[in-house]
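Q: Sequential numbering of the sequence shown, starting at 65, is according to our numbering.
Accuracy of the hints is not assured; some may be wrong.
Taking lysine-lysine and the DSBU-like style, the derived pairs with C-alpha atoms no more than 30 Å apart in a straight line are [unchecked claim]:
1. LYS185 / LYS139
2. LYS234 / LYS139
3. LYS139 / LYS363
4. LYS234 / LYS578
5. LYS363 / LYS579
6. LYS321 / LYS185
7. LYS552 / LYS139
8. LYS234 / LYS366
9. LYS369 / LYS552
10. LYS234 / LYS400
11. LYS579 / LYS366
12. LYS369 / LYS578
13. LYS139 / LYS400
14. LYS234 / LYS579
FRET-style restraints, in silico, Cβ to Cβ [unchecked claim]:
15. ASP352 / ASN289: 25 to 33 Å
16. ILE258 / GLU355: 45 to 53 Å
17. LYS578 / PHE231: 30 to 38 Å
18. GLN203 / THR67: 54 to 62 Å
19. GLN141 / PHE231: 50 to 58 Å
20. GLN203 / PRO449: 31 to 39 Å
Simulated from the structure, these hints should not be mistaken for laboratory data.
Bear in mind that the values here come from a model prediction, so they are computed numbers and not experimental data.
The beta carbon of each residue, even a glycine, is placed where N, CA and C say it ideally should be.
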Amino acid sequence: MKTYDDAVAFLGHWGLFQQVVFFLLCATIVPNGFGGFMLILLTDVPEHRCRIPDSSNLTAAWRGSVIPLQVVNGKEQLSRCSRYRLDVVQNLSSHGQIPGVDVDLSDLEQESCVDGWDYSKDVYESTIVTEFDLVCSEQWMQPLTTMIFFTGVLAGCFFSGQLSDRFGRKPVLFATVALQIIFTFIEIFSTSWIIFVIMLFINGLGQMSNFVAALVLGSEIFIGNVRIIYASMGTMLAFAIGYMILPLIAYFVRDWKSLLLTLSLPCLAYIPFWWLIPESPRWLIMQDRVEEAETILRKAAKWNKVQAPDVIFEDLLTIKTEKKGEENLGFSVLVKHSSIRNTTLILCLIWFTTSIGFYSLSFNTAQLHPNPYLSCFISAVVEIPGYISSWLALQYFPRRLSVICSLICGALPLFLILPVPDDLPNVILALEMLGKYFISIGFSLMFAFASELFPTVIRNTATGICNTFARMGCCVTPYLLTLSSHHKYLPYIILGILDILSVIATIFLPETFKKPLPETIQQMQMQRER
Numbered sequence: 065m066k067t068y069d070d071a072v073a074f075l076g077h078w079g080l081f082q083q084v085v086f087f088l089l090c091a092t093i094v095p096n097g098f099g100g101f102m103l104i105l106l107t108d109v110p111e112h113r114c115r116i117p118d119s120s121n122l123t124a125a126w127r128g129s130v131i132p133l134q135v136v137n138g139k140e141q142l143s144r145c146s147r148y149r150l151d152v153v154q155n156l157s158s159h160g161q162i163p164g165v166d167v168d169l170s171d172l173e174q175e176s177c178v179d180g181w182d183y184s185k186d187v188y189e190s191t192i193v194t195e196f197d198l199v200c201s202e203q204w205m206q207p208l209t210t211m212i213f214f215t216g217v218l219a220g221c222f223f224s225g226q227l228s229d230r231f232g233r234k235p236v237l238f239a240t241v242a243l244q245i246i247f248t249f250i251e252i253f254s255t256s257w258i259i260f261v262i263m264l265f266i267n268g269l270g271q272m273s274n275f276v277a278a279l280v281l282g283s284e285i286f287i288g289n290v291r292i293i294y295a296s297m298g299t300m301l302a303f304a305i306g307y308m309i310l311p312l313i314a315y316f317v318r319d320w321k322s323l324l325l326t327l328s329l330p331c332l333a334y335i336p337f338w339w340l341i342p343e344s345p346r347w348l349i350m351q352d353r354v355e356e357a358e359t360i361l362r363k364a365a366k367w368n369k370v371q372a373p374d375v376i377f378e379d380l381l382t383i384k385t386e387k388k389g390e391e392n393l394g395f396s397v398l399v400k401h402s403s404i405r406n407t408t409l410i411l412c413l414i415w416f417t418t419s420i421g422f423y424s425l426s427f428n429t430a431q432l433h434p435n436p437y438l439s440c441f442i443s444a445v446v447e448i449p450g451y452i453s454s455w456l457a458l459q460y461f462p463r464r465l466s467v468i469c470s471l472i473c474g475a476l477p478l479f480l481i482l483p484v485p486d487d488l489p490n491v492i493l494a495l496e497m498l499g500k501y502f503i504s505i506g507f508s509l510m511f512a513f514a515s516e517l518f519p520t521v522i523r524n525t526a527t528g529i530c531n532t533f534a535r536m537g538c539c540v541t542p543y544l545l546t547l548s549s550h551h552k553y554l555p556y557i558i559l560g561i562l563d564i565l566s567v568i569a570t571i572f573l574p575e576t577f578k579k580p581l582p583e584t585i586q587q588m589q590m591q592r593e594r
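Turn these sequences into a full structure, and let the hints steer you where they fit.
A: Here it is, written out as structure tokens:
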């Protein structure tokens, strides 16, 4: 029996059809680079202190002394969340008392910022922190905002995979792209933090769901080395390009509402893509829609200026026989068969590990420079060599070996950070960037590896489930980083241990290097047994 790759080999690997679909699918992935990383800038906390109303009629001396000094990390700075009681200060000011001379400031009672805050505009014109005053007693809302977004991403990944296997890759791809565009725009009109995070959650439903749909759609359309290039370097470079574009735009657009508007409206250019990106012929075949699949391939043949055979899928009867009983597969099949269940559980662990490592190091390195725009850009640029290395690994090395090496090499720099003295910050920075480089390789490898392990009938569902566990890692990220307040190196230790556990689990996965994509459950089980 001919495989799907054999049946469509007449198209060639890199004709006009493949080129157009390749770059259009990558273009739909670029906005995903804005998604979670945009929150680094939106939730950043500018310098602030309690507002002193202009009507307070304080002398210049008292206006400069009404904010108390406090020691933070061994350094003296103005308090961000308190001031001396304004009514008391006004009384002292009106009687001509001089602060520090006639009045001992340490004896004065303090109060919270009952009149709000004044925020520095040196870096940002505004953020959601300044918009909704997410500081001091409301500071807990900052990491919660990020977690709510990633909770939406998690839910979207869980359900979009099953919807894609049922209704098709293309409808889900464009529905999730539309979801992101519409709700990124609607967020601008949020009148409260509650409304904003509700819109943010809905936005998150489509954020990585369209990435998975685009990944699977391309993996099923392309064959040979083009599929490997797309699943590893193409999709991930598109993600990194989106991440790099974010700080470049944000540097010139420093108001959070204008930034969201600037990032959402250009995405309307994706509307014509509907008529240029086809549905997955593999998926259509598994749905008994063979005529539609052949129509797509004959159109592709015209684009590539090659002659399509009279009958493209000669072994359709055999495909139908193997497909019998697999029409309504969903999440249950991932736990029903022991071989599939074991593979799924191992992949979920590895995806969780690579995701929490990738996002933790990304969010942390974004704070390594006083200029947040520059730090975000550096954090994005580090990913580029990682994704290129991932593509080379997929081209020439077995999948398991590549994943194991990337995880081990990603863990070592994190452990090596522990004995580095605090007075060598550049060494710590170099080790952290090295860790992110290898984690980026592993993160990229898993998208291609997972799509090669699961058969067409459940590929998007399975990839969506794995990506759901990856999103769990994203949700944990903001709180994992707060553990450094208890022990400076605790986040690094946890990330390193997770890497080692995932290395052990990877040993038990089947190898897919230079093997055709499985089309049915039986083929996947045979692959697992081998």
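Q: Hint by hint, where does the structure go against what was stated? Just the numbers, ascending.
A: Structure breaks hints 2, 3, 9 and 13.
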